[in-house]
Amino acid sequence: MLRVFYRLENEIKKVEGPDCFEHMPIDKLFWVDLQFASDEERGKVETVFKFNFSELQSENEIESNSRFYESENLILITSYFIAKEDGRYETTPVFFYLSGQVLITQRNADLPSFAETVKKIKRNRNSFKNGSEVLEVILETKVDIDSDFLEIISKEISLVSNGLSISTTNEEELLIKINSYQEIAMLIRESFIDKQKVVSSLLKSKCFINDARLTFLMKDINSVLTSISFIFARLDYLQNTLLGMINMQQNKTIKIFTIVSVIFMPPTLIASIYGMNFKIMPELEWTNGYPFAIVLIIASSLATLLLFRTKKWL
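The opening residue of the sequence shown carries number 1 in the numbering used here; numbering runs sequentially from there.
Any given hint could turn out to be false.
Label pairs and their calculated CB-CB ranges [what the hints assert, rightly or not]:
1. Ser261 - Tyr290: 22 to 28 Å
2. Arg309 - Gln239: 32 to 38 Å
3. Ser158 - Lys197: 29 to 35 Å
4. Asn247 - Ile273: 14 to 20 Å
5. Arg309 - Asp86: 56 to 62 Å
6. Lys312 - Asp86: 20 to 26 Å
7. Asp236 - Ser200: 25 to 31 Å
8. Thr310 - Ser223: 34 to 40 Å
9. Lys84 - Arg309: 55 to 61 Å
10. Glu11 - Lys197: 34 to 40 Å
11. Lys84 - Ile193: 19 to 25 Å
12. Ser127 - Asn73: 24 to 30 Å
In silico BS3-like pairs for lysine-lysine, Cα to Cα no more than 30 Å straight-line [said to hold, decoys possible]:
13. Lys129 - Lys119
14. Lys13 - Lys50
15. Lys13 - Lys122
16. Lys120 - Lys84
17. Lys155 - Lys120
Treat the hints as calculated values from the structure; they're not laboratory data. All residues carry an ideal CB built from backbone N, CA and C; glycine is no exception.
Kindly generate the complete structure, drawing on both the sequences and the hints.
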């Protein structure tokens, strides 16, 4: 899909479709959004702006810093956004082309940050005059959305922490939850590190030197990265605590079997002695031999149990 935003007489207009450039003044453009774009739609944009998407992306990959590429008339940014697909969170690349006053975005995902940016454009029609402002708003919105998502994850982690105190808790289920939260937190951290690199590169660009909006955004990103480090530490603590609880339960089980086996060792020895089939065994002809052996077996078990009690091993 091809969406075009342009300003006309203090009004912001939106046109969709591959033929949208034919029904609007090109010099009033400030944002072109390509989402799941067809070859025809990409071709229309390449014709209007006189560049090739594939060639620019190839040049960007050759650069040592593949997130950011700047030439005399163009800035190309490759950034990764978190998207939910089939119930899983994954990162998807988004390409930003800033050509003069026009921002061109290319993506293959439905991203909330873009939908929210469109809402902001509709609410604040006088605030958006060029593509640079749209780029800054998209980055700000993305940081805000990921920060809110991080707060939700933090609250869910608190619920997991409370679940550790419940004796009926399924340890395996909790371990799976903690692992999933670690993976999500890792994705969010990678996303913020990516935005940190992008904003840092923009601040070094001649088009955004000492930009106050990006400077504040960089401070927000650094603050969130600190919070993410705290969340990782908390998840590690929960994981270690849960593993410690599992080890304690296993040790209790092993301890019980060990005590039982030790208690029955003396009776087993006595029974083994009297179970030998030698011809000369005086106790075999003794009238009270059987009850004596039973009493001896019970007494040896009780003596072992008493020893454990005295040593406070039980």
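Comparing the hints with the structure gives:
1. Ser261 - Tyr290: 22 to 28 Å: holds (25 Å)
2. Arg309 - Gln239: 32 to 38 Å: With a Cβ separation near 37 Å, arginine 309 and glutamine 239 satisfy 32 to 38 Å, so the hint holds.
3. Ser158 - Lys197: 29 to 35 Å: With a Cβ separation near 31 Å, serine 158 and lysine 197 satisfy 29 to 35 Å, so the hint holds.
4. Asn247 - Ile273: 14 to 20 Å: violated (39 Å)
5. Arg309 - Asp86: 56 to 62 Å: This hint holds: roughly 59 Å between Cβ atoms.
6. Lys312 - Asp86: 20 to 26 Å: Given a distance of about 56 Å, which is not inside 20 to 26 Å, the answer is violated.
7. Asp236 - Ser200: 25 to 31 Å: Distance hint for aspartate 236, serine 200 holds at roughly 28 Å.
8. Thr310 - Ser223: 34 to 40 Å: For threonine 310 and serine 223 the Cβ distance comes to about 59 Å; the hint is violated.
9. Lys84 - Arg309: 55 to 61 Å: 59 Å Cβ-Cβ, so the 55 to 61 Å window holds.
10. Glu11 - Lys197: 34 to 40 Å: At 36 Å between Cβs, range holds.
11. Lys84 - Ile193: 19 to 25 Å: Distance hint for lysine 84, isoleucine 193 holds at roughly 20 Å.
12. Ser127 - Asn73: 24 to 30 Å: Given a distance of about 25 Å, which is inside 24 to 30 Å, the answer is holds.
13. Lys129 - Lys119: With Cα atoms ~16 Å apart, lysine 129 and lysine 119 stay inside 30 Å; holds.
14. Lys13 - Lys50: holds (23 Å)
15. Lys13 - Lys122: holds (9 Å)
16. Lys120 - Lys84: Holds - the C-alpha atoms of lysine 84 and lysine 120 are around 23 Å apart, at most 30 Å.
17. Lys155 - Lys120: holds (28 Å)
The structure shown violates the earlier hints numbered 4, 6 and 8.
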